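Residue numbering for the sequence shown follows our numbering, beginning at 1 and increasing consecutively.
Rather than coming from a laboratory, the hints here were simulated on the basis of the structure.
Only a predicted model underlies this, so the values are computations on that prediction, with no experimental measurement involved.
Every residue, glycine too, gets a C-beta built ideally from N, C-alpha and C.
Any given hint could turn out to be false.
As the list claims (entries may be wrong) - Straight-line distance between alpha carbons at most 20 Å, and here's what the computed EDC-like set of lysine to aspartate or glutamate pairs gives:
no.	residue 1	residue 2
1	LYS19	GLU33
2	LYS19	GLU49
3	LYS19	GLU38
4	LYS31	ASP41
5	LYS31	ASP20
Claimed, not checked - Distance windows between CB atoms, simulated:
no.	residue 1	residue 2	range
6	ALA27	THR52	27 to 33 Å
7	PRO25	THR52	28 to 34 Å
8	ALA27	LEU50	22 to 28 Å
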Amino acid sequence: LAALRAGIRTVLLPARNRKDLADVPDAAREKLEFVWLETVDDALAAALELETARPAA
């Protein structure tokens with residue numbers, strides 16, 4: 001929820017925390033994109049992909 005308040009729309013989370021998604025209100029889930037990560041390599045790849053997708057400032 002803090003990510004949403006901060007204007008973050010894509011959240012990288014450990015796959016083992018997927019079970020906790022039920023604790024997130026539906027309204028917040030609809031506004032967020034969740035990327036579930038199995039490994040540190042997954043996290044790095046996802047973070048780099050997000051960075052290259054950002055428009056140049």
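Quick check: which numbered hints come out false for this structure? Of the numbered hints given earlier, those the structure breaks are 2 and 4, listed in rising order.
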